[in-house]
Each structure stands twice: as structure tokens, then as C-alpha cells.
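Engineer: Residue numbers (this note's numbering), protein chains in the order written: chain A, 1 to 114; chain B, 115 to 228.
Hint data in this document are derived by calculation from the structure and do not stem from the laboratory.
Do not rely on the hints blindly, as some may be mistaken.
Estimated spans, in silico, between C-beta atoms of each pair [to be verified]:
(1) A:Asp67 to B:Arg178: 37 to 47 Å
(2) A:Thr5 to B:Thr152: 15 to 25 Å
(3) A:Glu16 to B:Ser180: 41 to 51 Å
Where a beta carbon is used, it is the ideal one built from N, C-alpha and C, also for glycine.
Spelled out from the first residue to the last, the chains are:
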Amino acid sequence: DAKTTQPNSMESNEEEPVHLPCNHSTISGTDYIHWYRQLPSQGPEYVIHGLTSNVNNRMASLAIAEDRKSSTLILHRATLRDAAVYYCILRALISSGSARQLTFGSGTQLTVLP
Amino acid sequence: DTGVSQNPRHKITKRGQNVTFRCDPISEHNRLYWYRQTLGQGPEFLTYFQNEAQLEKSRLLSDRFSAERPKGSFSTLEIQRTEQGDSAMYLCASSFTSGGETQYFGPGTRLLVL
Numbered sequence: 001d002a003k004t005t006q007p008n009s010m011e012s013n014e015e016e017p018v019h020l021p022c023n024h025s026t027i028s029g030t031d032y033i034h035w036y037r038q039l040p041s042q043g044p045e046y047v048i049h050g051l052t053s054n055v056n057n058r059m060a061s062l063a064i065a066e067d068r069k070s071s072t073l074i075l076h077r078a079t080l081r082d083a084a085v086y087y088c089i090l091r092a093l094i095s096s097g098s099a100r101q102l103t104f105g106s107g108t109q110l111t112v113l114p
Numbered sequence: 115d116t117g118v119s120q121n122p123r124h125k126i127t128k129r130g131q132n133v134t135f136r137c138d139p140i141s142e143h144n145r146l147y148w149y150r151q152t153l154g155q156g157p158e159f160l161t162y163f164q165n166e167a168q169l170e171k172s173r174l175l176s177d178r179f180s181a182e183r184p185k186g187s188f189s190t191l192e193i194q195r196t197e198q199g200d201s202a203m204y205l206c207a208s209s210f211t212s213g214g215e216t217q218y219f220g221p222g223t224r225l226l227v228l
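Bound-form chain A, shown alone:
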């Protein structure tokens, strides 16, 4: 799987937007960009994923660069409950009968300040 690069840590103030960057310069044309987060003492939790177009869901937005070599996870209004480690993961298109595990890096530790 292609590698991703994320900052080790970021800080944000409560109720302000947060932009979490991810570089993936070796991404292939069929790699999906997935984001998971892990709150303290919990298992990882799916946040969002996309291929080429920007994506929105109730948790966050995903902005994907035109060349797909980078992406940004956007939390529109950070809350204290958003403090977590955020992982950016590339996953190859899954073909019938096969499955691919998630390959996690070290992620970005997001601290939300009150």
C-alpha cells in the first residue's frame, strides 16, 4: 500500500474549524483515501473516505487535491470530543473475493483546547 505522511500533532481551539493534512504522493489511480480516528481507550472509528471528489458527511468533510497527492480532513467546528488520533489511510480498490487490511501510520494527535 502507498504510504501517507501526517503531522505528529496539531492543536485547535474549541468551536473553530480544523484542517488535518495528509500527503500521499505515491497514490495510485485506484487507491481510496480513508480517514479513521481513535479516541482515547477506544478502537479506531471510521470518519470518511473518498476517491477523487470532495466528500461530506455528518462527521467531517474530505477535500482531495486535484492531483490526488494530498488530502485534508476538515472538522467544521471542533469539540472537546474530537480530541483523538486521526489516521489517513490509502486502500486499493477491493476486487471480488479479496480483502485488504487497513495499514495505519502513526496518525495526527489532535488536541482541542477549551
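Starting from the structure of chain A, add chain B where the hints point.
Structural biologist: Below, chain B alone, put in the same frame as chain A:
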């Protein structure tokens, strides 16, 4: 359904003892994954089941580790002759065969080998 559950949540054992962990996936999910996470690192893939068949194993899964999913429902992960280096969080995830392949994680079992 309340999601993926894992038992026990915590386990302390002495070096050389055997331990077994259980994972109950989301009921309609046919795929089940085991991961291991050490402090400050992202989860690392151990093994994967589709229904009752174990289809993939990581090189991390030494001969002391064995996993089963006897009826394609719950799974167990056994570690024989535990070593201090086995101390980690053991995470289980499940998913349903689909284009998105989102994995849903349990809360994990934290193992401490003394």
C-alpha cells in the same frame, strides 16, 4: 446491534501463560480482522477471516498465536507461552463485503504480560 464487542477488556498474565481473547462482530458482517496496537503506534494487522476461513496472516503472527472463527460468527485469538513483548492492545474489526469495506472496530483487549 451494539457493534463489535471484545472480551475481556483487560488481561494481566504472567510470562509463559496462555491467554485467549474473544471477539463478537456485528452480526451480518462476514469479514473479521485482528490487529495489535502498541503504545504510541497505529494498529498493525494480524489476521483476517472471511466467514469461517482464515484467508490472510501477517508475519507478525508467530507460531504462538492462533485464531479461529469456527462458525463464521465470533472469533478467538489465543496466545500461547506469552512473552513480555506480547503486551499490547488487541483490536478486532468486522466488515461486510461491499464496495466501501468500512471496518468497524471493537474497544480492544489490553494485555499486560508480567
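Engineer: It remains to establish, for every hint, whether it holds in the given structure.
Structural biologist: Checked hints:
1. For aspartate 67 of chain A and arginine 178 of chain B, the hinted distance range of 37 to 47 Å is satisfied, since their beta carbons lie about 45 Å from each other.
2. Between threonine 5 of chain A and threonine 152 of chain B the Cβ separation comes to about 21 Å, which falls inside the hinted range of 15 to 25 Å.
3. For the pair glutamate 16 of chain A and serine 180 of chain B, the supplied restraint of 41 to 51 Å holds, since their beta-carbon distance comes to about 48 Å.
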